[in-house]
Structure formats: structure tokens, C-alpha cells
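Q: The listed protein sequences correspond, in order, to chains V, H, Y and P.
Heads up, the first sequence is in the working numbering, so the first residue is 377 and it goes up one at a time.
Heads up, the second sequence is in the working numbering, so the first residue is 38 and it goes up one at a time.
Heads up, the third sequence is in the working numbering, so the first residue is 3 and it goes up one at a time.
Heads up, the fourth sequence is in the working numbering, so the first residue is 205 and it goes up one at a time.
Careful: at least some of the hints might be erroneous.
[As the list claims (entries may be wrong)] Now the in silico label distances, taken between C-beta atoms and shown as ranges:
| no. | chain 1 | residue 1 | chain 2 | residue 2 | range |
| --- | --- | --- | --- | --- | --- |
| 1 | H | Arg385 | P | Lys473 | 35 to 45 Å |
| 2 | H | Tyr350 | P | Lys337 | 51 to 61 Å |
| 3 | H | Arg653 | Y | Ala170 | 15 to 25 Å |
| 4 | Y | Ala144 | V | Gln448 | 49 to 59 Å |
| 5 | H | Gly648 | Y | Asp252 | 27 to 37 Å |
| 6 | H | Arg145 | V | Phe422 | 18 to 28 Å |
| 7 | Y | Asp252 | H | Thr267 | 23 to 33 Å |
| 8 | Y | Lys15 | H | Gly648 | 34 to 44 Å |
[Said to hold, decoys possible] When the alpha-carbon atoms are kept at most 25 Å apart in a straight line, the in silico BS3-like pairs for lysine-lysine are as follows:
| no. | chain 1 | residue 1 | chain 2 | residue 2 |
| --- | --- | --- | --- | --- |
| 9 | H | Lys652 | Y | Lys272 |
| 10 | V | Lys532 | H | Lys475 |
| 11 | H | Lys147 | V | Lys532 |
| 12 | H | Lys341 | H | Lys305 |
| 13 | Y | Lys69 | H | Lys644 |
| 14 | H | Lys147 | V | Lys425 |
| 15 | Y | Lys124 | Y | Lys243 |
| 16 | Y | Lys23 | H | Lys652 |
| 17 | Y | Lys69 | H | Lys647 |
| 18 | H | Lys305 | H | Lys335 |
| 19 | Y | Lys243 | H | Lys652 |
| 20 | P | Lys473 | P | Lys337 |
| 21 | V | Lys532 | Y | Lys65 |
| 22 | H | Lys652 | Y | Lys73 |
| 23 | V | Lys425 | Y | Lys272 |
| 24 | Y | Lys157 | H | Lys644 |
| 25 | Y | Lys23 | H | Lys168 |
| 26 | H | Lys271 | H | Lys293 |
| 27 | H | Lys647 | H | Lys360 |
| 28 | P | Lys506 | P | Lys473 |
| 29 | P | Lys239 | P | Lys206 |
| 30 | H | Lys433 | H | Lys511 |
| 31 | Y | Lys124 | H | Lys652 |
| 32 | H | Lys507 | P | Lys348 |
| 33 | H | Lys647 | Y | Lys73 |
| 34 | H | Lys652 | Y | Lys146 |
| 35 | Y | Lys272 | H | Lys644 |
| 36 | Y | Lys142 | Y | Lys124 |
| 37 | H | Lys201 | H | Lys360 |
| 38 | V | Lys425 | H | Lys67 |
| 39 | H | Lys475 | H | Lys441 |
| 40 | H | Lys201 | H | Lys270 |
Bear in mind the hints are in silico, worked out from the structure with no lab data behind them.
Each residue gets a CB set at the ideal place from its N, CA and C atoms; glycine is no exception.
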Amino acid sequence: MLKQQFARRFLSICAAGLRTRRADWDRTGLMAETETKKVEATPAVFEPKIVAFVCNWCTYAGADLAGTSRLQYAPNVRIVKLPCTGRIDPLFILKAFEGGADAVLVSGCHPGDCHYTSGNYHARRRWAIFRRLLEFTGIDMRRVFFSWVSAAEGAKFADLINRITADVRAAGPFERTNPARRRLWK
Amino acid sequence: MARVGVFLCHCGENIGRTVDCAAVTAAAAKMPGVVHAVDYKYMCSDPGQQMIKQAIVEKKLTGVVVGACSPRMHEPTFRRAAAEAGLNPFLLEMSNLREHCSWVHEDRAKATEKAVDLVRVMVEKVKHNRKLHSIRVPIEPTAMVVGGGIAGIQAALDIANGGKKVILVEKSPSIGGHMARLSETFPTLDCSQCILTPRMVEVASHPNITLMAYSEVESVEGFVGNFDVTVRKKARYVDWSKCTGCGDCWAKCPVKKIPSEFDAGLGKRTAIYRPFPQAVPNKPVIDQEHCIMLTKGKCGACAKACQRGAINYKDQDELVKIKVGAVVLATGFDLWDHSAYGEYGGGRWADVIDGFQFERLASASGPTDGEIRRPSDGRIPQTVVFIQCCGSRDDKMGKAYCSKICCMYTAKHAMLYKHKVHEGRAVIFYMDIRAGGKGYEEFVRRAIEADGAEYVRGRVSRIYRRADGKLIVKGADTLAGRPMTVEADLVVLADAIVPRTGSERLAQMFGVGYDTDGFYSEAHPKLRPVETSAAGVFLAGACQAPKDIPDAVSQASAAASKVLGLFSKPELEREPIIARVNENTCVHCRACIAACPYGAIEDFEIKDRKGNVVKRVARVNEGLCQGCGTCVAICRSNSIDLDGFTDEQVFSEIVTLE
Amino acid sequence: MEMIDALRADAAKVLADGRAKVVIGYQARGDHRAPLFVTTADRAASLVYDDACKQNLAVYLRKPEVKLLGKAAVVASPAAMRSLVLLMSESQLTGDDALVLAVGVGEYHGVLELAQVAPLLKEKYAALAPSPELLREIEKLAAKTPEERAAFWAKQFAKCTRCYACRAACPGCYCTRCIVEKNVPQWISTAAAGHGNYAWNVIRAFHLAGRCTGCGACEAACPQGIPLMLLNVLLGQEVEKEFETKAGYDPEAKPVIGSWNPEDEEDFIK
Amino acid sequence: MKTIGYFPGCSLHGSGRELDMSVKALARIAGVELKEVEDWNCCGASAAHNLNHNLAVALPYRDLALAEAQGLTEILAPCAACFARLKGTHVRVTRSPELAAQMREITGLEYRGTLRFVNVIEFIGRLIEGPLKGKLAPRLAGLKVAAYYGCLMSRGEDVIEDEDHENPDGMTAALEAAGAKVVDWNFATECCGGGFSMSNTDAVLDLSHELLADAEQAGAQAIVTGCPMCHSNLDMRQLTINQRGLGSHDMPVLYLSEVVGLAAGLEPKDMGLDRHFIDAMRVLDIASAAQTAQAAAAETAKK
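Could you build all of it, start to finish, from the sequences and the hints given here?
A: Structure follows, in C-alpha cells:
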């Protein structure tokens with residue numbers, strides 16, 4: 377039974393292989409196609425408010441490059457510039473959420489590129505832990521973004537902002553479900 | 038009360054086209070604390086700067102926000118203007134309305150709205166800015182050069198000729214480095230020792246240079262302008278102040294069969310030795326590993342021979358602490374050990390040699406007096422195969438990089454061989470010929486055309502040693518597309534250039550970065566090629582990357598000019614963006630000390646008047662702190678803050694964005 | 003000899019020998035166990051030790067008023083001993099600052115110098131782990147949606163009166179000026195409600211990430227019954243998994259937040 | 205190691221029968237049960253990998269899946285080519301989930317990647333460290349042998365692990381335990397021409413000739429190999445090489461398992477030693493002659 381099945385498949389593969397001459401895995405059509413998931417933007421007028429904490433040397437400069445390259449991106453992000461991702465205290469994120477940010481972005485130099493040699497490594501470890509804590513206490517991880525953007529990645533910065541803005545717009549206002557949100561005095 | 042002035046720039050049309058500058062100005066004027074808001078076509082122009090200066094004086098501004106281009110562009114310009122008007126430059130901030138707004142958004146309403154936000158945030162920040170003053174650090178105008186090869190020699194001479202004191206530290210008994218071992222140099226074929234030894238003598242006799250041969254850096258403390266370097270002067274067992282370098286001692290030494298490092302193991306030396314006849318200093322040391330007196334307590338032949346009584350078997354290492362203001366690292370390179378190449382014999386065959394061994398064979402002062410004789414039986418080889426890229430450009434061997442100098446020295450080797458053995462064959466297996474440099478391509482062409490070197494493009498897959506002693510070299514000629522076998526008498530491998538052993542430890546001591554191959558990292562690959570991430574530490578020569586002599590010398594001179602530039606003022610001025618500890622609330626958990634990438638945070642003991650320790654805290658060393666702020670975010674009690682990016686400033690920015 | 007007798011004998015002995023000026027242990031107050039500061043050998047008989055002893059007495063070694071009494075010998079469970087090692091790694095305790103009356107699991111290890119604590123822990127108590135119920139609880143909560151978790155914690159944190167008993171009970175919370183008391187700028191609202199409670203409880207847990215030794219004293223101290231150990235253990239597990247380290251075993255350990263490894267997790271950074 | 209899966213492949217039923225016989229004989233006296241993988245098929249080494257890559261993976265994948273389903277954990281594949289195909293396939297499918305999925309689909313079988321693979325060198329190494337320890341006599345003392353690994357026993361960094369690919373020495377311990385002296389020669393990892401055995405015989409003759417010549421020059425009296433392709437090339441082609449006038453070779457070529465079998469006291473005929481093209485039975489005679497000569501020399505020296 378197995379052998380029959382095997383033989384059948386074997387023949388079809390042989391045929392496929394011969395058709396494409398040098399068996400090219402992708403073209404035999406046997407590889408599972410990865411489907412790209414499309415995020416549909418809601419037509420609502422909701423404009424998300426996104427606070428970005430970026431380092432001076434890579435991501436801020438990357439954003440400058442997006443500017444000098446005239447790359448267009450969504451106007452929803454407000455940048456807070458720090459010298460290094462190492463300077464970004466978890467309190468900053470809490471404060472931004474407390475103030476009603478719909479999402480927060482933290483971005484700095486790629487590993488190995490830190491202007492201060494290792495500030496971003498410190499930051500990476502800090503966020504690895506802190507994001508678990510945020511997640512566990514009810515902050516939706518679709519509201520917190522981390523990215524490495526170098527001074528040369530103007531296009532990546534523009535794409536990142538567009539992607540985040542679209543994602544957050546799709547997710548809707550954070551107001552209702554944000555556990556860190558200040559509510560008493562507003 | 039804060040009195041903030043807001044100055045908005047149209048940048049011609051660049052900002053004005055998408056941002057309604059008048060509207061932003063109107064909004065800014067209403068922001069709390071803003072007493073003055075104007076817009077202008079070109080704020081960075083002379084009249085624009087005049088507007089700012091005038092307003093600072095007339096409106097008694099306590100803070101300024103300029104909404105214009107990126108601060109990376111014009112922050113220094115505007116801060117200088119503010120300073121000229123008497124306002125502390127750190128009380129000026131910029132909103133990036135061009136790169137971060139007008140150039141990247143099309144919707145005028147939304148861009149204007151964002152621009153207002155960007156200005157508002159900076160207005161709130163600047164209200165919390167404090168006056169900062171550049172940090173001044175005194176400079177000790179003495180330089181240390183580590184490594185006495187050609188790069189170190191050049192750097193030391195340039196600094197010394199510039200009128201500053203230099204300490205030259207060399208770990209072997211003589212300066213001269215690898216260059217002293219070379220026979221001739223490409224592309225001119227002038228004799229290496231003839232051009233080098235006068236420089237070595239100059240070092241020895243220069244009034245501004247203190248030569249510390251047979252010494253190594255032991256530890257480093259301090260920072261730019263104020264390094265405290267501890268140098269280990271290794272025991273020489275010879276009192277150099279008495280020694281005349283006459284040579285009676287080594288003539289009498291009974292241990293004569295030690296492979297000479299200088300001759301790449303092809304020659305022999307005694308246990309009391311100077312590395313080579315032109316050594317500087319021209320004085321011997323005793324190799325304690327091989328000396329019978331030092332290992333077994335019997336002999337004393339050299340002491341008996343020495344008429345000056347300079348031999349001292351009880352000599353010991355000595356640690357010397359030296360204060361220097363700048364350091365040039367010129368530790369050079371080693372050749373990679375090709376025994377990892379099993380297919381080339383794995384280091385088993387005497388007649389498969391490296392480039393330095395060939396240099397010594399070709400050198401008039403070498404073990405064969407300049408005759409090319411192969412190590413195994415001393416015969417003159419009739420066919421020599423040279424294999425380039427041995428280790429280099431070979432990821433499997435962990436060295437992806439090009440060693441840069443091998444193409445040239447292999448061409449030189451082939452040429453030297455053909456000059457000495459006219460009938461002989463020189464076959465060179467290469468991957469590419471990289472002869473970029475003045476006169477280099479011509480040199481290679483000469484080797485091929487005038488001297489008949491046979492260049493074969495391809496790799497060697499295997500070397501056998503036949504019973505008759507021939508080395509059978511099997512390779513591929515990829516241009517002809519066929520396998521190729523050469524029966525050779527001698528094979529010379531162009532081994533990869535690797536950093537000196539121990540260079541990583543030295544880098545760690547000085548806080549200098551190094552790449553995965555161990556080469557020292559420059560501060561910027563293009564614009565700061567001789568600086569390092571450690572302020573006041575500069576690079577020269579092959580410790581940074583493989584380099585030939587002209588490149589090493591150029592970089593050494595560049596490093597020297599950096600040192601002289603640093604020493605041109607008695608004090609160093611630094612941007613005051615540094616961390617500060619609140620010693621009242623610090624509990625000395627030491628997390629910041631562990632985290633600081635620069636080792637800039639130190640333990641500090643607060644004492645009462647009687648000298649009793651009341652409290653231990655962390656303290657920032659202003660000379661070392663680079664202002665990243667990593668410590669600030671790590672401090673649980675927020676007992677550290679970063680000037681220029683204080684908690685208050687960042688807090689006000691975030692809160693303003695609500 | 004019963005364990006408690008040995009403990010009392012040792013307590014009396016260190017006081018009589020003058021090796022310690024005060025023994026910090028537990029006394030019985032009905033069903034409740036309270037700390038007891040014994041300064042004379044004859045009172046050592048009042049010491050008790052049993053499962054009801056929830057407080058982590060290591061916390062007292064950092065209190066100025068206790069320091070005034072002179073060198074202390076502290077009764078410590080394995081978790082409390084881990085706290086001692088943590089304090090050593092953070093330069094809050096040094097070699098001869100205290101003695102330890104080491105109470106293990108089902109056995110008593112006698113009087114130890116501080117330097118002997120870490121070797122004992124590594125040998126006998128390396129596998130100390132949170133209770134399976136707690137881990138199941140965390141797993142259950144983690145499986146919920148963010149909204150459900152937010153609602154769960156909103157309910158819990160709403161109870162917080164900001165008495166800071168959790169902080170006072172924790173040996174790791176030794177800052178003399180806690181971040182919550184910093185008011186320029188005021189990062190965390192001190193009002194016992196809403197966002198302030200969220201920020202306080204989150205930051206308290208974060209400040210103990212890689213440092214919590216799992217003693218549970220904070221949760222035991224909370225008059226409102228907020229399940230603080232869910233947060234502490236979550237982060238402890240995370241740190242152990244990602245950075246392969248557990249708090250309170252190595253007196254030379256580098257701070258988890260304050261050190262790094264080039265191979266650290268970063269798949270969340272795009 | 206009480207039981208181990210056994211994958212004979214086509215060679216061991218054909219030209220490499222001596223390998224099969226000697227390995228089985230050794231296993232028998234060592235008390236190791238060889239459990240042949242049931243319903244095995246071609247490992248894909250023959251022509252498959254030149255014809256179709258999918259097929260060349262699918263064939264051994266089926267063998268792996270079957271062996272795993274039969275509860276085996278380790279597979280001894282004495283044939284070097286089978287070993288390389290099986291282990292190579294294991295490495296590829298465990299590294300690439302896409303390939304694994306594809307193979308699952310093609311064969312309809314699941315391979316979870318739990319198998320470990322043993323070639324003849326490792327197998328014998330384990331025997332002499334384990335059940336045969338102290339049971340080998342240096343019966344071949346005085347015999348000089350060239351240890352020949354060829355490509356399949358030395359190369360492929362994921363297939364041949366724990367071995368210096370350029371200068372392998374995995375056979376040395378076993379050969380020395382049998383008393384043989386391993387000569388230092390150049391061609392231990394060179395190609396015998398195996399892949400072209402049928403299609404380009406001339407190339408095989410040249411390559412094998414060079415190899416034999418170097419072994420002779422190094423003083424070897426026999427060549428020892430673990431690979432049935434190498435064996436058949438070297439053993440079978442010597443006469444043709446001589447006929448073509450390339451040389452006059454007369455070099456016995458033995459399997460490692462045969463050498464160790466001799467040392468363990470097995471009957472030469474039980475291992476097929478009499479089936480070789482070049483008389484291999486003589487190695488014992490060469491050894492005993494050398495031993496006698498040495499004893500005589502020692503005697504003279506004493507006097």
C-alpha cells in the first residue's frame with residue numbers, strides 16, 4: 377500500500393523533475409506558498425497618536441535621511457530624541473501610555489552599531505523583560521513596537537512609520553482598553 | 038519665569054511649502070512661557086541669526102527654540118549665535134520642521150498640526166534646560182606609542198619632532214618590527230634595512246623619545262589627557278647602563294641552537310642574544326626559558342666573559358607607572374599559522390614555508406646570506422610555487438578578509454627568486470591580483486613580463502611530498518579550465534595577516550573596540566580612521582587592518598598629528614552632556630557601574646571630617662563619560678541624571694504630547 | 003535534637019560569644035509569626051520557626067535602626083538566603099556584616115558566615131522553583147486576551163491602597179528614596195487609584211526582575227491580597243529562560259538589567 | 205550497543221559482499237545484533253542524485269522513515285555511499301522544514317529526525333573500545349598498510365564529524381590494534397575515481413594508478429579501506445592498469461572490517477578474504493614472515 381503510494385508520487389516527481397530539467401525546488405510547485413496576510417485599513421477617520429523614542433545617532437539620523445530623500449510617511453508619529461536607546465527608561469513608555477498614546481515605538485542602532493558601543497544591547501535586554509511585563513498586565517503587544525533603524529535606513533524608517541500607523545489604525549483607539557491610561561482627571 | 042523665544046524658519050520654500058509657518062508662529066506665541074515668536078525666510082542666514090541675537094538681548098530670553106532643519110544640520114550654528122548674544126548655548130533647542138515634517142508629509146493641515154506639536158514639545162523642554170558649561174580636562178603633553186615597528190617608529194618620531202615627549206614601548210628586545218626582517222621592499226626593491234635602520238637610530242638618540250624596549254603595557258587607568266599606564270619592564274638580566282654591546286657574552290654562550298625569532302626559525306641564536314646586528318638598543322637580553330644558568334643554576338659563561346660586569350642573573354621584572362595624555366597603538370600583525378591547512382601539509386613539511394621565511398632566505402643578512410636555499414636540505418630550489426590567499430578570503434578558515442599586502446609581496450618574492458635563480462621557475466597561484474597602489478600594477482607586470490613569473494589563476498587543492506623530496510602541487514588553472522600539477526622544490530604560502538597575539542587584551546585595557554578578526558576598530562571607517570572609540574587613543578599600522586609600509590607610515594603620521602593637535606592646548610574641552618549622580622539618594626547598588634560602556638562610573642566613599650566612611654556611592658568620571666545615559670535608565674531610584682536629556686526634560690516632552 | 007532547639011542553642015551561643023549582637027528571628031503571636039530581635043542569650047528560647055514564618059528577615063539587615071544594634075545573626079530560609087546573596091552581589095552586604103542561622107528544607111544548617119551561603123545554596127537548593135500552582139496560574143492568565151488580562155489586573159490593582167507594605171517587606175527594595183517618591187518629575191502618581199496603581203505595581207515588579215528571590219514576603223505582606231507573585235515569578239521565569247540566570251546564587255553576579263550578551267533575545271525587534 | 209539497525213544497501217549484496225560478510229562476522233563475535241531495516245530501498249547514491257534531486261532525497265527519506273517507524277535509533281550503513289546519503293538526507297530534512305514537508309508529501313511517511321548514523325569506521329572503533337577490547341591479537345604485526353579513506357569517509361562537514369577532513373586518522377587505532385603499521389602516505393583522501401567507475405574508466409585507471417603507486421612508494425604492503433566503491437576500484441582495476449602499461453601493481457586491498465576480523469581470530473574465508481581479485485590471503489603470510497625475521501634479528505642482536 378505504502379509502496380504503491382510511494383511509487384505514484386515518485387513517478388510524478390520524476391516527471392516534474394524532468395520537465396524542469398534541473399530540479400528546482402520552488403518551481404516544482406511542491407513548496408507551500410507563504411501567503412502574505414493583508415491588513416485592511418478601516419475607513420474610519422481615526423488618527424492614531426504614536427510616540428517614538430529614538431536614539432540620536434541612528435534612528436533620528438535615519439528619519440533625517442527619510443526627509444532628505446523626500447520619502448512620504450504618515451504624520452502620526454511624534455519623536456522624542458534621546459542620545460541612545462540605553463537612555464530610554466521604561467517609565468517613558470508608561471508615561472506615554474498614561475497620556476493616551478495609541479502606540480509607542482522604541483528604535484535605535486542595530487546591534488554592534490551603537491554609537492556608545494553597547495547602549496542598545498542594554499536597551500534590548502531591558503525591553504525583552506519589560507514587554508513581557510506589559511503584555512502580562514494587559515497592554516496589547518500590537519501597541520508597542522521595537523525596531524533597529526540605522527542612519528542609512530531612511531526608507532526603512534518611512535516604511536516602519538507607515539506600517540505602524542496602518543496597524544494601529546486598524547487596531548483602533550487604545551483609549552478603552554489601555555490599563556495604564558490616566559482617566560481620573562480627563 | 039521662563040521667557041522663551043520661538044524662531045521659525047521657512048527654509049526658502051522647503052518648510053513653507055507644506056507647513057503654514059504663520060499659523061505655527063501664531064500658535065507658538067500663545068504657548069505658555071513664550072514671549073516672542075517670529076518666522077523668517079532663512080533663519081540660518083546672517084540676518085536670521087541677527088534676529089535671534091537681537092531678541093535674546095532685547096526680550097531678555099531665557100530659552101530659545103528654533104524651528105528649522107534637523108539639529109544635526111544647524112544646531113551648532115544657532116547655539117553659537119545664542120552664545121554670542123550672551124545666552125548659554127545649551128538653552129537653545131531645535132524643532133526639526135524640515136527633515137521630520139515638511140519634507141515627509143504632503144497634507145498641509147496635518148503637517149502644520151505636527152509642526153505645532155514639534156515646537157510645543159521643544160518649548161516645554163527648553164524651559165527645563167539648564168546652563169551647561171564645557172568640561173575642561175587638563176592634558177599631560179606626553180604621548181605613549183605602543184609597538185616599535187615602522188608605524189610606531191614613525192608616530193614616535195613625528196610626535197617627538199613636533200616638540201612633545203614620547204614614550205615608545207616595545208615588547209621585544211629591539212625596535213624595528215617586521216620591516217627589519219624584510220629583504221627588499223616593493224615596488225622599488227630598495228633594501229628594507231637601509232631605509233629603516235637610520236630611523237631606528239634616530240629614535241634611540243632623539244631627546245624627546247624615551248625608548249622602553251623589552252617592555253609591555255601591564256594596565257591602564259584614567260582617560261584622555263590623563264592616562265596612567267603601568268608598563269612592565271621585563272627582566273633583561275643584563276644591565277644596559279654598563280653593557281657596551283661588544284658581543285663577548287653571546288660568543289661564549291653554550292646554548293646556540295635556539296631557533297631565531299627574527300629569522301623565522303631558519304637561523305639559530307644563543308640564550309643571551311640581541312635579535313639582529315642592527316638592533317636598537319644594541320644590547321643583549323637573556324632568554325630565561327633557555328639559559329642554563331637561569332633554569333639549572335649552572336654555567337655563568339656570559340658573566341665570566343663580560344668585562345664590564347653587566348650580567349645580573351638576579352634581575353627581575355619592574356613595574357613603572359607613567360602618566361601620558363595620549364596613546365598611539367601600533368601593535369602590528371602576525372602571520373596566521375598555516376598548519377590549519379591540512380591540504381597544504383598542515384605544517385608538517387619544512388619546505389612549505391611562509392612569507393617571512395622567504396624574506397629571510399632572500400635577505401643578505403639572513404641565515405643563507407641571501408641565497409635561496411630550501412630549509413630541508415639546503416639545496417637551491419629549481420621550482421618554487423607561491424600560493425596566495427592562504428587563510429585570507431577563506432571563510433572556512435574564519436578569515437573572510439583580504440590580507441591586502443600578499444599580492445605585492447608575492448610578486449616581489451617571485452622577482453627576487455628569479456633574480457637569484459635565473460633558470461628557476463616561479464609559479465604563482467592566485468585568486469585575483471590586487472595591485473592597487475602607486476607603481477604597484479607596473480611592478481606586478483614587471484614580475485610577469487620581464488622576470489617571467491608564471492601566474493596561474495586558481496587554487497591549490499593539495500600538496501604532497503613525494504619520497505624524493507619533491508612537493509607535488511595539485512591545483513586548477515581556472516582560466517585554462519583544467520587541473521594542473523607542478524613538481525616543486527619549495528612552496529611559499531602567503532599566510533593571512535592577523536593581529537598580534539595579545540592585542541585583544543591590550544584593546545580591553547585601553548577600551549578600544551576590535552572586530553571579530555581582532556583588528557582594532559577605528560571610530561569611523563571613513564571620517565575618523567585613526568581615532569578609536571576611546572578618546573585619546575589612536576591607531577597606526579596593521580593593528581587596525583592589513584597594511585603595507587606606505588599605508589602604515591601614512592596612518593602613523595596621521596595619528597601623530599592627531600596627538601599633536603590634542604596637545605596643542607593645555608586643556609581639553611568637551612561637550613557637557615554627561616551623567617551626574619545624586620549622592621543623597623544613591624544606595625550604591627553598583628548596577629550603573631556594571632552597565633557603563635566606558636567604565637566611567639566609579640565607587641566613591643563619602644567621608645566625614647574625621648575621615649570615617651559615611652556612605653559609599655557611585656560617581657561619574659567627567660573625563661570618561663560620553664553621555665549615553667544608559668546608567669540613568671538602569672538606576673532604580675533615578676539617582677543619576679543626564680545633562681541635556683534630564684528626566685525633567687524628557688518628562689516635559691512626553692507630557693506635552695498628551 | 004529538634005531543629006528548633008539547635009536553632010535556639012546557636013542563637014544563644016552567638017550572642018554569648020559576642021559573635022553577634024542581635025539575633026533576628028521569629029516569635030509566635032498566636033497563629034501569627036512576628037519578627038523577634040534577641041539581644042541577650044537568655045531570650046533565645048522565645049525563638050520559633052515553622053511554616054507560618056512568611057516574612058523574609060533579610061530585609062532588616064538594611065534598616066538603619068537595626069544596624070544600630072550591631073552585627074546581626076539572621077534566621078534565614080533558602081529564599082531568604084538567596085536574598086542575602088543578592089544583597090552581597092549589589093554591594094549592600096559584605097563578608098562580615100552578618101551571620102546566618104540557616105534553616106533549610108527539613109534540616110538546619112547551623113551558623114554560617116555570609117561567604118558560606120552561596121555554596122550551600124548551590125549545593126542543596128539550586129533547584130528551588132516556584133510552586134506548580136503559581137506557574138499554572140501564570141500560564142492561565144497568559145493565555146487570555148490582553149483585554150481580559152487588563153481587566154484582571156485593573157480589578158487587582160484597584161484594591162491597592164499604596165501602603166507600600168510590599169516594598170517594606172522586600173529585601174531587594176532597599177532604595178532610601180524609592181522612585182515612587184521622586185516628585186521632580188513625578189513619574190508615578192501617588193494617588194491610590196487607576197494609572198498610578200498600575201504604574202507603581204508594574205515598575206515595582208520590573209525593578210525586581212532578575213532580582214526577586216521568590217520568598218513571597220511582599221504578597222504575604224499585602225493587606226489587600228494582590229497576587230504580586232504572579233508578576234515576580236513571571237519575570238523570574240523569563241530571566242531564567244532568556245538570560246540563563248537566577249537571582250541570589252552568585253555573590254559576584256552582574257545585574258541582569260545592567261549587563262548584556264550579544265546573543266540576547268531580539269526577535270521582537272523588527 | 206546490543207542492537208543496531210543495519211542498512212546493507214545494494215553494494216553489500218553485490219560487489220561489496222566481503223564487507224557485508226566481515227561486518228556481520230565481527231558483529232556476531234562481539235554480540236551485537238544487526239537488525240536489517242525492513243523493506244529498505246535504494247539509498248539514492250547510484251544514479252538518482254544525478255537525475256533528480258527530489259528523488260535523491262525522497263529515496264533515502266523513505267528508508268529513514270521506515271527505520272524510525274521500526275523503532276530503530278541507530279543505523280549502521282557499512283557502505284560509505286549509503287552512509288553519506290542517509291545521513292546527508294537526515295541533515296537536510298532536519299534543517300529545512302520546507303524540505304521535510306515536501307518529503308512527507310512525496311513519500312506519505314513521517315520522519316521525525318531521531319536516528320543516528322554509524323559508518324563502518326565508527327562501528328569498528330566502538331567495537332574495539334567495547335566488546336572486542338582486549339580480544340584482538342596483533343596477528344598482522346609486521347604488515348605495513350596504507351589507510352585509505354577516499355572521499356566518502358573523509359569529507360562533508362556535516363556527514364563526517366569528529367574527523368580531520370584533510371588528514372583523517374579514524375582507522376589508525378583499529379589497524380594498530382591489529383598489529384599493522386600505518387604508513388605515512390599522501391593519497392589517503394584522494395579520489396579513486398569511484399563515481400566514474402562505469403562511465404569514464406580511463407579516468408579511474410589513472411586515479412587508481414597514482415594512488416597505488418604512492419602507497420607502494422610509501423612502503424605499504426596492503427591498502428585498507430572502508431568503502432566498497434574504493435575497494436572494487438582498487439582491487440578490480442589493478443590488472444587493467446597493468447595491462448595498459450601504467451604500472452605493475454600487485455597490492456592486496458582489504459576492508460577495515462576484514463583486518464580487524466583477522467586480528468579477532470576470524471576465519472579469512474568467513475569474511476570473504478578469498479574472494480578478492482588481488483590475493484589478499486597472503487597478508488597473514490607477509491606478517492608472519494616479518495615476525496619471524498624480526499624474532500631472528502632480535503635473537504642475533506642478543507647474541
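Q: Sort out which numbered hints this structure fails and list those numbers smallest first.
A: Of the numbered hints given earlier, those the structure breaks are 4, 9, 10, 19, 21, 24, 25, 27, 28, 31, 34, 35 and 36, listed in rising order.
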